[in-house]
Amino acid sequence: MKTLTQTQTAPPAEPRTSLTSKGGGQRADRLFKSVALAAGLLVLAILGLILITTTRQAWPALSDQGLRFLTSTEWNPPAGKFGALAFIYGTGVVALLSLILSVPISIGIALFMTELAPRRLRGPAVAVIDLLAAVPSVVFGLWGILVVAPALVPIYQWFNDVFGGIPVLGKIFGSPVGGGRSFMTAGIILAIMITPIITSISREVFATVPSADKEAAYALGATRWEMIRGAVFPHSFGGLVGAVMLGLGRAMGETIAVALTIGAAVQVTPNIFAGGDAMPAVIVRQWGESGGEHTAALVGLGVVLFAITVVVNLFARLVVNRAEIRMKGAAS
Amino acid sequence: MNRNVLSRRVLAGVAGVALAALALAGCGGNDNNTSSNGSSNGGSDIASLSGNLKASGASFPNAYYQEVIDQLKTAAPNLTVNYNSVGSGTGKKEFGQGLTDFAGSDSTVKDTDGIAADSFLYVPTVAAPITVSYNLSGVSDLQFSPITLAKIFQTDIKKWNDPAIAADNPGKSLPDKNITVAHRSDGSGTTSNFTKYLDAAAPGVWKLKSGDTVNWPPTTQGGEKNTGVAQIIKQADGSVGYVDLSDATASGLTFAKIKNKDGTFVGPTIEGATAALAGAEVKDDLTYNPLNASGADAYPITAPTYILVKKSYRDATKAALVKAFVTYILTDGKSIAKDVNFATLPDALQQKALAQLDKIQS
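Sequence order for the protein chains is A and B.
Numbering of the first sequence is given in my numbering, commencing with residue 1 and proceeding in unit increments.
Numbering of the second sequence is given in my numbering, commencing with residue 333 and proceeding in unit increments.
Calculated directly from the structure, the hints in this document are not laboratory data.
C-beta: ideal position from N, C-alpha, C; glycine also.
Among these hints, one or two may not hold up.
Sample of chain A residues with no beta-carbon within 12 Å of chain B, all distances over it, derived [said to hold, decoys possible]: (1) G66; (2) A264; (3) R285.
Straight-line C-alpha distance at most 25 Å; calculated DSS-like pairs for lysine-lysine [claimed, not checked]: (4) K541(B) with K81(A); (5) K541(B) with K171(A); (6) K509(B) with K171(A); (7) K442(B) with K81(A); (8) K528(B) with K539(B).
Extracted from the complex, chain A is given alone in its bound form (with noise of 0.2 Å):
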């Protein structure tokens, strides 16, 4: 290579030598490469601290109840029994009801306000949903127990009245609860509040989209429809499964709202009109009158929507890289 260098005429390496000589050389280089690396280290650091932190307070409550922590169902504080299956199975379901509810809402919307609305219509509307953002989630949670929730009831029961008899779906929709606090109030203000993240992020990566690709879609005589299905959701499909793990995330972690609404109950069922409970909603209201093993059990509970979350996204990127390559490969 030297040689080869060595060889070649002055000028092209003159150049070279002037840009690194005036930065001050490849230690400015090496101090930003750095910098950049420990800033990405920092983010892994303070989740590993967290991760070892609350491990450690919640040690009591996990060496006592050993496996049962995640395997039980029975969470009785007065009796020292703390199993959270319960709660991660709440947890679950609500985030995925409100998942089924608020995807196919969000991305309607983000497709219409970036490829059907009108140009004046856009900035109403990106206005509106950003405005739907802002409203703090106890606000969401109040209206969830004030209005929706007994509003809600005599709908449940029309649903458990027409598909009690059907096999799986009359379990499903079973007979509801009498405050209307269930996992599908909370899954539907949920929904609400994550429909926001989804939009906005869906819509800035349907904005990514090469107008060369969809005009060439139409050249090739596609509909509409057909363009969106050729080439939006092929060059999209990573940004769609990030915003939708993003709202998933804000699913999982949501306290306040999903505390209001979902009813309080420790119960494993497969009836959504049911009242259940989530991890987050366990932690807020039972901590500030816990003690001893009883907190531990908390911050057990802590750890273990931690890990789920981390899961839940190692998973997405997985899903991500995988559809990726499927995906942009069938479309080019």
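Let chain A serve as the given structure and place chain B on it in line with the hints.
Below, chain B alone, put in the same frame as chain A:
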């Protein structure tokens, strides 16, 4: 793109300002409400006190303490007291760590609470009845025996026309409606006292034990704080729950009479609570248990609350302030208690509580 970002920021700003304005308006409203019924009858010695006290703990007596603190603003303008209603558990923790000067607690101190034994004193302050409130359209004046109550709250009884409820309410026509049980979803001294009562009054029947959080049956509904439970009861026809008298009255709930130890049905009133206090046995450390107390007029679900003070304060002025404030609660504050539905201590217990304060050293 840039415009979008800008407009988003502006919107967030506008929303923030609006929220701040709302919060301010809320505070202003509260101030007006509370200061209107404060009167200036403070003793002359308390007026000269100055300094500040920090405290936290039980939410159950919070309404009363805040009312007292508000009245102190005129009686002792240089004394500031902050009572943070965070729950007995957190209150005890913060007190144990020395973050606060005194703590409010509905329950006695356990080994796990982080307060060194013999480092503190109990001072009983007030007591209040916990109501069994219900919402059943067309039916009023219900009454329950403890056994029936225990069965309702652990959902052994599922319908309002159950024979056990009918037996407690002779001559009443009860509807064939499902019972929705409402309970506290947060850890709470109210839950602790209510379940302790059921444990004591319905032995063998009540199976959920007692505690700040118990394992309620899955078909019940949980509400946040006393007001949250009151909200469920108000909204759902056929619901029943336990709410402290002050919040139940404020929410306009209907409450039931409960059969006491002597066999009479008594409603949740201040008089009933005072009668329960008179019938309760007071221990040497001044903890006492008015739950399921004897006496013909005693309301059986009466909950006590205490202030925990340190036996010795490093700072002599701090000790004097704590002593003066708690004395004020026990004496001058008494007149406020009834307005906010709290029962004051019988004279004998009040004297003991005041004597307890004299043990504080500095």
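Hints, one by one, checked against the model:
{"no.": "1", "hint": "G66", "in the structure": "holds, 19 Å"}
{"no.": "2", "hint": "A264", "in the structure": "violated, 2 Å"}
{"no.": "3", "hint": "R285", "in the structure": "violated, 4 Å"}
{"no.": "4", "hint": "K541(B) with K81(A)", "in the structure": "holds, 13 Å"}
{"no.": "5", "hint": "K541(B) with K171(A)", "in the structure": "violated, 31 Å"}
{"no.": "6", "hint": "K509(B) with K171(A)", "in the structure": "holds, 23 Å"}
{"no.": "7", "hint": "K442(B) with K81(A)", "in the structure": "holds, 18 Å"}
{"no.": "8", "hint": "K528(B) with K539(B)", "in the structure": "holds, 11 Å"}
The earlier numbered hints that this structure contradicts are 2, 3, 5.
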